[in-house]
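A.B. asks: Sequence:
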Amino acid sequence: MKPDAVRAFIARLAEINPEPKTELEFVNAYTLLVAVALSAQATDVGVNRATRPLFALVDTPQKMLALGEEKLRDYIKTIGLFNTKAKNVMALSQILVDRHGGEVPEDREALEALPGVGRKTANVVLNVAFGQSTMAVDTHIFRLGNRTGIAPGKTTLAVELGLLKRLPPEYLRDSHHWLILHGRYICKARKPDCNRCPVYEPCNFPDKARYRTA
DNA sequence: ATCCCGAGGG
DNA sequence: CCCTCTGGAT
Numbered sequence: 001m002k003p004d005a006v007r008a009f010i011a012r013l014a015e016i017n018p019e020p021k022t023e024l025e026f027v028n029a030y031t032l033l034v035a036v037a038l039s040a041q042a043t044d045v046g047v048n049r050a051t052r053p054l055f056a057l058v059d060t061p062q063k064m065l066a067l068g069e070e071k072l073r074d075y076i077k078t079i080g081l082f083n084t085k086a087k088n089v090m091a092l093s094q095i096l097v098d099r100h101g102g103e104v105p106e107d108r109e110a111l112e113a114l115p116g117v118g119r120k121t122a123n124v125v126l127n128v129a130f131g132q133s134t135m136a137v138d139t140h141i142f143r144l145g146n147r148t149g150i151a152p153g154k155t156t157l158a159v160e161l162g163l164l165k166r167l168p169p170e171y172l173r174d175s176h177h178w179l180i181l182h183g184r185y186i187c188k189a190r191k192p193d194c195n196r197c198p199v200y201e202p203c204n205f206p207d208k209a210r211y212r213t214a
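For the first sequence, position 64 matches number 64 in the UniProt record's numbering, and the numbering has no gaps at all.
Some hints could be false.
Stated by the list, open to error - Label-pair restraints from in silico Cβ distances:
id: 1; residue 1: Asp59; residue 2: Ala11; range: 33 to 41 Å
id: 2; residue 1: Asp107; residue 2: Lys21; range: 19 to 27 Å
id: 3; residue 1: Gly80; residue 2: Arg108; range: 25 to 33 Å
id: 4; residue 1: Pro206; residue 2: His100; range: 42 to 50 Å
id: 5; residue 1: Gln62; residue 2: Leu157; range: 28 to 36 Å
id: 6; residue 1: Thr84; residue 2: Lys2; range: 40 to 48 Å
id: 7; residue 1: Thr84; residue 2: Pro206; range: 31 to 39 Å
id: 8; residue 1: Glu69; residue 2: Asp44; range: 45 to 53 Å
id: 9; residue 1: Glu69; residue 2: Asn28; range: 15 to 23 Å
id: 10; residue 1: Pro152; residue 2: Val97; range: 41 to 49 Å
id: 11; residue 1: Gln132; residue 2: Pro206; range: 30 to 38 Å
Source of the hints: derived by calculation from the structure; they are not laboratory data. All values derive from a computational prediction rather than experimental measurement. Each residue gets a CB set at the ideal place from its N, CA and C atoms; glycine is no exception.
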């Protein structure tokens, strides 16, 4: 996609949703970190359903350690990969207490050193909790990067770097939300809703006409 | 059967 | 690169 089309694409999404926000529920940087760590291969709706009662009681790593892995597992049983996630959240909470004064570190290296926290999760925390213009590439953004032609790439890292390079800087920080929401509700994996698409014009999806039926 | 705000291990 | 972990929704 040409630079002008990329700008038109993102500017249109910005126009529709001037103040985009995360649909994951959280009350502070720690609960955001936990929520994102729990979101692998799960829907936001499913994660929120599990974390709502949890975060009402547990909103610090100290409280998580006091809760214990068994009880945490009960809270997140309905989310996929719950066993690994429960272990990771406990281990990560212990590290926050031991090495970071119970706070969520504000740098990528320290975040990615936490168990269960990779580049994508670190990027979300840096962006949402600390205001950095990172681009967290999840399943939706990876699909959109390739499907629309904004930033094609074989890996999530390639798509991330492509987006960082091609998106206008002033739109960078919020683009994470615009793209993810567009992917979730319009440019869906199975049946992209090209009829309701606000960026049909600049989009380079080869099959877009085929999905505009009614 | 496929997808959902992935990460870690081999 | 591949595989595994995993319940819930469609």
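A.B. asks: Hint by hint, note whether the structure agrees.
C.D. replies: Each hint, compared with the structure:
no.	hint	verdict
1	Asp59 <-> Ala11: 33 to 41 Å	37 Å, holds
2	Asp107 <-> Lys21: 19 to 27 Å	24 Å, holds
3	Gly80 <-> Arg108: 25 to 33 Å	26 Å, holds
4	Pro206 <-> His100: 42 to 50 Å	47 Å, holds
5	Gln62 <-> Leu157: 28 to 36 Å	34 Å, holds
6	Thr84 <-> Lys2: 40 to 48 Å	42 Å, holds
7	Thr84 <-> Pro206: 31 to 39 Å	37 Å, holds
8	Glu69 <-> Asp44: 45 to 53 Å	24 Å, violated
9	Glu69 <-> Asn28: 15 to 23 Å	21 Å, holds
10	Pro152 <-> Val97: 41 to 49 Å	42 Å, holds
11	Gln132 <-> Pro206: 30 to 38 Å	34 Å, holds
Consistency note: the structure conflicts with earlier hint 8 alone.
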